[in-house]
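Assemble chain B onto chain A, guided by the hints.
In the order they appear, the protein sequences are chains A and B. Sequential numbering from 1 applies to the first sequence in full-length UniProt numbering. Sequential numbering from 1 applies to the second sequence in full-length UniProt numbering.
Simulated from the structure, these hints should not be mistaken for lab results. Note that beta-carbon positions come from the ideal geometry of N, C-alpha and C, so glycine has one too. Errors might be hidden in some of the hints.
[As the list claims (entries may be wrong)] Short, incomplete list of chain A residues facing chain B, as computed with Cβ under 8 Å:
(1) Glu106
(2) Pro110
(3) Gln260
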Amino acid sequence: MGGSQGTPRRGRPARAAGAALAAAILLSGCSDGEDVPVLTWYINPDDGGQANLAQLCTEESEGAYEIQTSLLPADAPSQREQLARRLAANDDSLDIMSLDPPFIPELAEPGFLAPVPEDVGERTTEDTLEGALAGAMWDDELVAVPFWANTQLLWYRESVVEEAGLDMDEPVTWDQVIETALEQDKLLGVQGTRAESMTVWLNALVESQDQSILENPEAPAAELETNLDTEPGVRASEIISEIGSEGLAGPGVASMDENQSMLLFQRDEGSFMVNWPFVWAATKAAADEGAVDEELVDDIGWAQYPRVDEDTPSAPPLGGINLAVGADSENQELAFEAIECIVQPENQTEYFITNGNPPSSEAAYDDPTLEDEYPMADAIREALENAAPRPQTPFYNEISIAIQQEYTPIAGVSAERTPTQTDSFIVEVLRGERLL
Amino acid sequence: MTTAPETPRRQKREAAGSSAARPASRKNGNGGKRTNRAKSEARLGWLIAGPAFFIMLAVTAYPIAQAIYDSLFSFRLTAPDERSFVFLQNYMTILSDTEVFWRALLVTLLVTVVTVAVELVLGFGLALVMHKALKRIRGALRTAILVPYGIITVVSAFAWYYMFDINSGFVNGWFGWVPGIDSDLDWFANFGTAITIIMASEIWKTTPFIALLLLAGLAQVPDELVEASKVDGARWRQQMTRVILPNMKAAIMVAVLFRALDAFRIFDNVFIMTNGAAGTEVLSLLAYRTSIGRLEIGLGSAVSVILFICVLLICVIAIKGFKVDLASGTDSKGGK
Chain A
1 MGGSQGTPRR GRPARAAGAA LAAAILLSGC SDGEDVPVLT WYINPDDGGQ ANLAQLCTEE
61 SEGAYEIQTS LLPADAPSQR EQLARRLAAN DDSLDIMSLD PPFIPELAEP GFLAPVPEDV
121 GERTTEDTLE GALAGAMWDD ELVAVPFWAN TQLLWYRESV VEEAGLDMDE PVTWDQVIET
181 ALEQDKLLGV QGTRAESMTV WLNALVESQD QSILENPEAP AAELETNLDT EPGVRASEII
241 SEIGSEGLAG PGVASMDENQ SMLLFQRDEG SFMVNWPFVW AATKAAADEG AVDEELVDDI
301 GWAQYPRVDE DTPSAPPLGG INLAVGADSE NQELAFEAIE CIVQPENQTE YFITNGNPPS
361 SEAAYDDPTL EDEYPMADAI REALENAAPR PQTPFYNEIS IAIQQEYTPI AGVSAERTPT
421 QTDSFIVEVL RGERLL
Chain B
1 MTTAPETPRR QKREAAGSSA ARPASRKNGN GGKRTNRAKS EARLGWLIAG PAFFIMLAVT
61 AYPIAQAIYD SLFSFRLTAP DERSFVFLQN YMTILSDTEV FWRALLVTLL VTVVTVAVEL
121 VLGFGLALVM HKALKRIRGA LRTAILVPYG IITVVSAFAW YYMFDINSGF VNGWFGWVPG
181 IDSDLDWFAN FGTAITIIMA SEIWKTTPFI ALLLLAGLAQ VPDELVEASK VDGARWRQQM
241 TRVILPNMKA AIMVAVLFRA LDAFRIFDNV FIMTNGAAGT EVLSLLAYRT SIGRLEIGLG
301 SAVSVILFIC VLLICVIAIK GFKVDLASGT DSKGGK
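So that you can see chain A by itself, here it is in the shape it has in the complex (with noise of 0.2 Å):
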C-alpha cells in the first residue's frame, strides 16, 4: 500500500534523511521506549511528492508524529470510492486524505470530515487562492485545506496562431479557435472520452457565460435544480456540438482523455488545446527522451481558457488537492499540526517544480525559480484566480455521470435537444426514478 516513490532529484537525500530518520526512531525506541504516533496520508498517485513531504514533516515534527503514506487508486473517482466507503466504515486510519475538490461535499455533509480548528484555518489559508478555497469549503465552511491547486490552460502552436493572424495577448473565443482549425484543416484537443473530463469541459464553458450547471447546488437531491436548457447551456452545446459534427477533434475523440489530446497536439495537425499545466513537463520529457521534435517544445505557447463571449472572462476549470482529516481519526490534532507543515508555501513550490502540480498559495508562485521550469506559472496564478469550481453539491458524482452519459459521443450532442434531455435525466436520478 505504501505509495514511497521517490523523484530522481530528490531521491538520494531523501533516502539518506530516511536511512538516518529510521535509525534516530530505532535508537530512541531502544532508549526510551516512546511511541511515536504514527500518522496514515492516503495520497493521490503523483511523481513521488507526497510521499518526499510526509518524510520531510516527520523529520520537523522532531518526533511528535510520523507520517506514513498510502497509495489511492489512480483516478478521482475510484479515490472517492474508496475514501468514501472506507469512511463511511468509520475506518480510523484516515488521519490525513488527499481529496479531490468535486468530492469533499458529498464527504462532507454527512460530518465524514472532521472539522478545521479555527486557527489552522486561518493560518493555512491566509494568502490562498481565491478559486481553490471555494473548492475547499462547504456550507460556508472551510472542510478541508488547500494543498495545490489545478487549472487548464489554452496551449496553442506558434505557428498556428502567426498563420491565422491571433494576437495571443488577448483573450480569445472558442468560435476563433474553431475558425481557426477549420481554415488550416487542423485537430484541437479537447477531453471527448466518457469520463469526467466530460463535466469538466461543459462545466467551464456554462460558468465563463457567467452561470452555474446548478440552480441551488445546497438543495437536498429532490429539490436540486440544473439549468442546461437555458442560453448559456445551449450555447455551451453548441460549442461542444461544432467541434463534434465538424470532426475537429480528430476521428478518436471518443476515447480522447486529456493525455491522448496531448498526444494530438503533439501531431503535426495540432493546433490548440485546453489542458491542465502537466502536457508541458511531459512534452519536454518527450522532445529531451527524442520522443517528438525539439522544435516542438519552441512551438507552444500558452495563453488563458477561451471565453464563449468575447464581453465575458473565462472560468478555467478548478482541480487539484485538498487535506481532510477523517471524523474518526484517533489523531485529529496531529494530523492538522501535520497538514500545517505540509502546505507551508516552500513545500507547495517545490511540489510544483518536481511534481508539476500548481500551489494554492499565492506566496508560493513568488519563488524565482519557478520561471525556470514553468514560465507559464503566472498565467497558471491567473487562471486559478479566475477558476470556477464544478458544481459543489453532495450529488456531484450522479450530476457528472449523467453529463457524460448525455454529452458524449460530442458528435451526437444536439444544441436544441441535449441540454433539455439533460436537465431532465438529472432531476429523475436524483429523485430516485430513474437509473444512472
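This is chain B only, laid out in the frame that chain A set:
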C-alpha cells in the same frame, strides 16, 4: 448377508425421494439395527460435510440474504441518516427503466446468446480436431488451444482494447485494405463495432474451455457405438446427429450452462474497453456502477438481486431444456 450391501443404497434412495417414503422404511420391520446404523451414518455425514455446509452458507447465503434485505431500502452510503424502508420501490424503478435496465438486459442477452452459440460451434470443431489428433501431438495441441483461457480476463481485455484502440492499436493500420476498416475507424465509438470486439474477445478467451468440456464428452462416446453405426452404413453426418451428439448431451449441457452463466455475468471486457459507453452497458456493470460508483446500496442491491434471479432462471432453463439429471452425472438415456 447377501442383502446387506444393498440396504444402505436403498435407504439412500429413499432418503433422496419423497418424505412419504420414510415412515414406510421405518415400518418395514427390519429391526432397529439398520436404522441406527443409518442414523450414525447420517450423523457422520453431517460431521464431515457440516463445516463445509455452514461455511458455504456464511459466504453465499448470507451475502445474498443481506443483498435482498438492502434492496428494500433507499440507502446511500454517504447519506447514512437518510436510510429509509421503501419495500419494492427500487425494483419498480429498475423494471420501469427501459433506457438503462432493459437495454442493459438486452445487451447482456445478446452477448450471452451470440458468444455461447459461436463458442459451441468453434469449440466442437476444436474438440474434434483434438480428439482425432495423433497421440503424439495431442498434449501439445491441447496446451496450445488452452493458452487464451489461461490468460486473466482483465489482461486479455486490455490486449484487445489496445489492439483496436484508434490511437495505439495496430488493427486499423494492418487491416486498412479490408473494406470498412480505415485509419479513422474508432471501434469503441459505435455500438455495432464495440460490441463485436467485446464479444470477439470473449469468444477468443473462452472457446478453449468449451472445447475441453466437449472433448471430455467426445471421449465418453463408446467406440463400439460409432463402429456399429459405421457397419450399419451411417454417414458422417448421421453418425454425428444420431450417435455422437446424443451421447454427448450431458457434456454439451454442462458446457452451455457454464458458459451461459459466465457470459451473462460478463464484466471485465466491457469495463476495460468501453466502460458502458456507446450503449454497451451490461447488467453486472450496471450493478457495479450503482453500488460501488454511485454508492446507492439499496438500488445497487436490487440490480444484483435481479441479476441473481436471471442466473437462476438460466440454470433452470438449461437443466429443464436438456432433460439431463446432473445429480447422477449422466444422461438418463445415455446410461453412462
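Okay, the hints, checked on the actual structure:
1. Glu106: 5 Å, holds
2. Pro110: 6 Å, holds
3. Gln260: 6 Å, holds
When held up to the earlier numbered hints, the structure conflicts with none and fits them all.
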